[in-house]
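Residue numbers (the working numbering), protein chains in the order written: chain A, 2 to 399; chain B, 2 to 399; chain C, 2 to 399.
Everything labelled a hint here was simulated from the structure, so no lab data went into it.
Values in this document were obtained by computation on a predicted structure and should not be read as measured data.
Glycine included, C-beta positions come from ideal geometry on N, C-alpha and C.
Any given hint could be a false lead.
Unchecked claim - To spell it out: a stretch of chain B is covered by chain A in this simulated footprint if at least three of its residues, at any positions, have a beta carbon under 8 Å from a beta carbon of chain A; those stretches are:
#, segment
1, 55 to 64
2, 284 to 298
3, 385 to 397
Said to hold, decoys possible - Sample of chain B residues lacking proximity to chain C, with all beta carbon distances greater than 12 Å (derived):
#, residue
4, Asp186
5, Gln243
6, Pro358
7, Ala363
Claimed, not checked - Per label pair, the in silico range of CB-to-CB distance:
#, chain 1, residue 1, chain 2, residue 2, range
8, A, Glu297, B, Thr145, 28 to 34 Å
9, B, Lys247, A, Asp95, 49 to 55 Å
10, A, Glu149, C, Glu301, 29 to 35 Å
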Amino acid sequence: MTPKKVPTLLDQLAALKTGLYQKDFLLTWKQSDADLRAVLLIAETLEELWRANIDARAFRGGLAVSNFRDKSTRTRFSFASAASLLGLSLLDFDESKSQVAHGETVRETANMISFLTEVIGIRDDLFIHEGHEYMAATAEAVDTGFKEGVLPQRPAVINLQCDQDHPTQSLTDLLHLQKTFGSLDALRGKKIAMTWAYSPSYGKPLSVAQGIVNLMTRFGMHVVLAHPEGYDLIPELVQQPQRFAKESGGSFALVHSMEEAFKGADVVYPKSWAPYQIMERRTALLRAKEAKKLEELEKECLANNAKYKSWECTDQLMGLTKGGKALYMHPLPADITDVNCKAGEVAGNVFERYRVPTYHEAEHKLYVIAAMILLTRFEHPAKVLKQIVDRAEPRRGV
Amino acid sequence: MTPKKVPTLLDQLAALKTGLYQKDFLLTWKQSDADLRAVLLIAETLEELWRANIDARAFRGGLAVSNFRDKSTRTRFSFASAASLLGLSLLDFDESKSQVAHGETVRETANMISFLTEVIGIRDDLFIHEGHEYMAATAEAVDTGFKEGVLPQRPAVINLQCDQDHPTQSLTDLLHLQKTFGSLDALRGKKIAMTWAYSPSYGKPLSVAQGIVNLMTRFGMHVVLAHPEGYDLIPELVQQPQRFAKESGGSFALVHSMEEAFKGADVVYPKSWAPYQIMERRTALLRAKEAKKLEELEKECLANNAKYKSWECTDQLMGLTKGGKALYMHPLPADITDVNCKAGEVAGNVFERYRVPTYHEAEHKLYVIAAMILLTRFEHPAKVLKQIVDRAEPRRGV
Amino acid sequence: MTPKKVPTLLDQLAALKTGLYQKDFLLTWKQSDADLRAVLLIAETLEELWRANIDARAFRGGLAVSNFRDKSTRTRFSFASAASLLGLSLLDFDESKSQVAHGETVRETANMISFLTEVIGIRDDLFIHEGHEYMAATAEAVDTGFKEGVLPQRPAVINLQCDQDHPTQSLTDLLHLQKTFGSLDALRGKKIAMTWAYSPSYGKPLSVAQGIVNLMTRFGMHVVLAHPEGYDLIPELVQQPQRFAKESGGSFALVHSMEEAFKGADVVYPKSWAPYQIMERRTALLRAKEAKKLEELEKECLANNAKYKSWECTDQLMGLTKGGKALYMHPLPADITDVNCKAGEVAGNVFERYRVPTYHEAEHKLYVIAAMILLTRFEHPAKVLKQIVDRAEPRRGV
């Protein structure tokens, strides 16, 4: 009944000293290695339990609140799925229907939505320099609310994508790499190319690229970041990986050629983003509600993007990778040439070859989120999971 | 404690060979008689259990996803109710809030929303020739996803109304007929008039009428379809019932007079729809976003409708039916003369006489949907229901 | 394990003769003192159970339907939280997505959303003279539907704010007063100032003020209502409190000076509202969709409001209260000077001093709503709660 792997996973988990209890998960670089490993171990455990038809609910009621300030399919469903998996009731906080329009403060709103709340998942990636700030302010507000005795429990704030990081994505990706290469240790010395790619749209967030280079450098990988001149990420977030790489025995380099990045790579991650400087201008215009200037900015950017149509992940480029067989990764949806656009991030045949792996990659996200909830909300998640395994109630069937 | 009828219903169910496990429910005419009978038996069982205060939850978490591409009250609530009844978490897939806007493919979206999903309910009736196609594409995508190992389970796609059929409605209606006349066998030889009726609105889907004539002809009923010249249904869908009638010992006729249809009828089903040809023009204009031409088309249609104001279910017409006492049916909401419009499908006093029966008719839908979920998601639903009966947990109370 | 207070609370509850079973909760003045006391006792019990980590679910499935015809954060979350606490599935009835747009009657809609529904929570405060009417019509419809056998159970309608009353708020406030002063009896002879306050917005409902003066006069309090000339409440609703005060040994007075109201007060409740006559004009214009006249009305009102900027709850005014230490109350969000507006209902330093108490005040609402559900849906709620206590399942953890 119990999946074979699970006892080992739980033993490993019990051995880790994590610091997430009563905390938030906002940026991977603020978390210890033990925290990150614990997320992966619990995510894998929960995935095994689901596939073995074991009910993993650890709550009997209570809320999981989502606040999406930007569109989302997979993260929205991942968060809702994690809530259902753990027995929490989902409630989407739609600001347009709320008193936030009446000028409520972040602190007050955060408390008002949290009386029975175990977790608040936030996506806020439209405004550079603001998304993380908003999440941190929410986290501080519920932390204070809990300490003041206003909140009976301390909800965890989970970053579902901000201007800086996208930790549920990058840890999903790390789990995918671990499963593909066999272990975290097997990633040491592997080369991953995190590269910009051409897209016919603009304004895509920088957080995925930033998240990847700041996470994978911690696991001994050789991380190469590649983008055309001018498509910079947030400056601080390309400093930090240098240090991480040094500490982990990996390396970090920035190049301006997709070919160079792909050469000999074990893993490629071609994905579009908007230049950091453009995001700053865009944020200012969005704030000022300058519709016309936003249109002009979009035109300017699309024209600029068009100069880099050759930044497409084609068979030819894939041929430069290790044995021509690097693992292709993408958070989805990708801009696929001749599938959902005329020219995009990846050629149709390349994508099709890696379609099923990218779907598996995406699947992990809901378990990563559920893992973050268990780690932040239970002092001894390994014990809770052990009890779930011992209870062994079927998830479907009576 | 166990409702009297239930053991008999479950015995009958256990004796049926159904083919719905790991499949979808899209069109009644693709399903065997056994499948349809199984839906009715389970629906009745669940209704008995609910009224006897027995908890019928067969899932401990997992998602029921709804995707409404058109307005709905009762189907929306029926689907949500079925999910709650069975222990699934409801998640409404709102395309406007999703990455579908970013050009995601149907295949990808279908997989991305399904990692923990048991059922996807879709309403897509605005675009003729497209609604069913979309559902079939979604079904194929999740089927492939399951076979490829991407999805841990194979969600069933349930048609909550498409351009061709409205199976949750027509089976709801069949259950209503069965309850009213005592049994399915009692329907043999009964006359049902499925007739167009005047409405001050336009663009109503054809699927209810198409669903009724394609379902009731399979149960030995004399089905008369009536509409003004030019208010045609999809041509193939008025061919098929001829064959069904021949096989079942019933009959099928098309007339252009409400009087003729009502004469001697045991059951009347007067309901407006837009002519098939108009729906094709409308679909083209909607696709092309031709707002002005859509307005002109609406005007043209309303003017045409107005010629047939006499197609109203009045007391006088009801007098032509068997003993003046035919059963009046409607999926609701009806356009009721002097109640919610000046002139509509049915006279106020006729509707009021049948108001309570139409409400009962509507009630069945949630149990029909729940029955489809159990049949598609469990290999032995009779066993699951037996266990639910034996468990005998109160639905309300501790 | 069982919180100390709970047995006493349940004994008190068992001793009360309440009349809410199979009824609605629309207006406090239609309910007996026993009903109100029962709400407080159950709310307190549920709050104790939650904080003691005891699962309080009394339902295994079934729906809690919310219908918000106006914006809301805290009441929306309170209702959703109450549903989760008791084991009901939340379903938000969004009229824009429903057939209501197709001209469905209130009676029909009420039945169509209620086949598995235990409670319908409605907010309808935009249109004066209409909100309560709509709730009463819904209640009558489901009552008839239940008696006709259409509905298997009789959903309770709960007023989440109408044009007349805001009972979940006023009972929340009463619970807050009870907790602050030690008991309901301790409120006898205490002075509460329910006063208008300046706000830079307009069109705020009158129901909070009306609810407070009609509830607190029943508990022997000295209630002073204060507002500028012309800022009248609904006339009948300032007659009734006179009678309540006489019966309870309290008093009720209307003054036109904030200073006078605050003098020697034990409790102050400064909150803006729009004059009754303005709400009538506004309702007419909203109905007629007179956008331009609505703008003019808004301008006129804001200009009028501006004459009363001195109606702000400042430190100086607080100094007039009993020992300078009256309890400050507000349903939140408040218009706080220099926090979310330039000039508002309350000075920043006053609000900050009472911030935590107002958050506690807000917390009670979800338990008040849950209490109303248990009282309307169970004949013997004290027994149900006793069984929950005996079951003693942990809410979090396995």
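ask   = Checked against the structure, which of the hints given earlier come out wrong?
value = Numbers 2, 6, 7, 8 and 10 - these are the hints that the structure violates, sorted from lowest upward.
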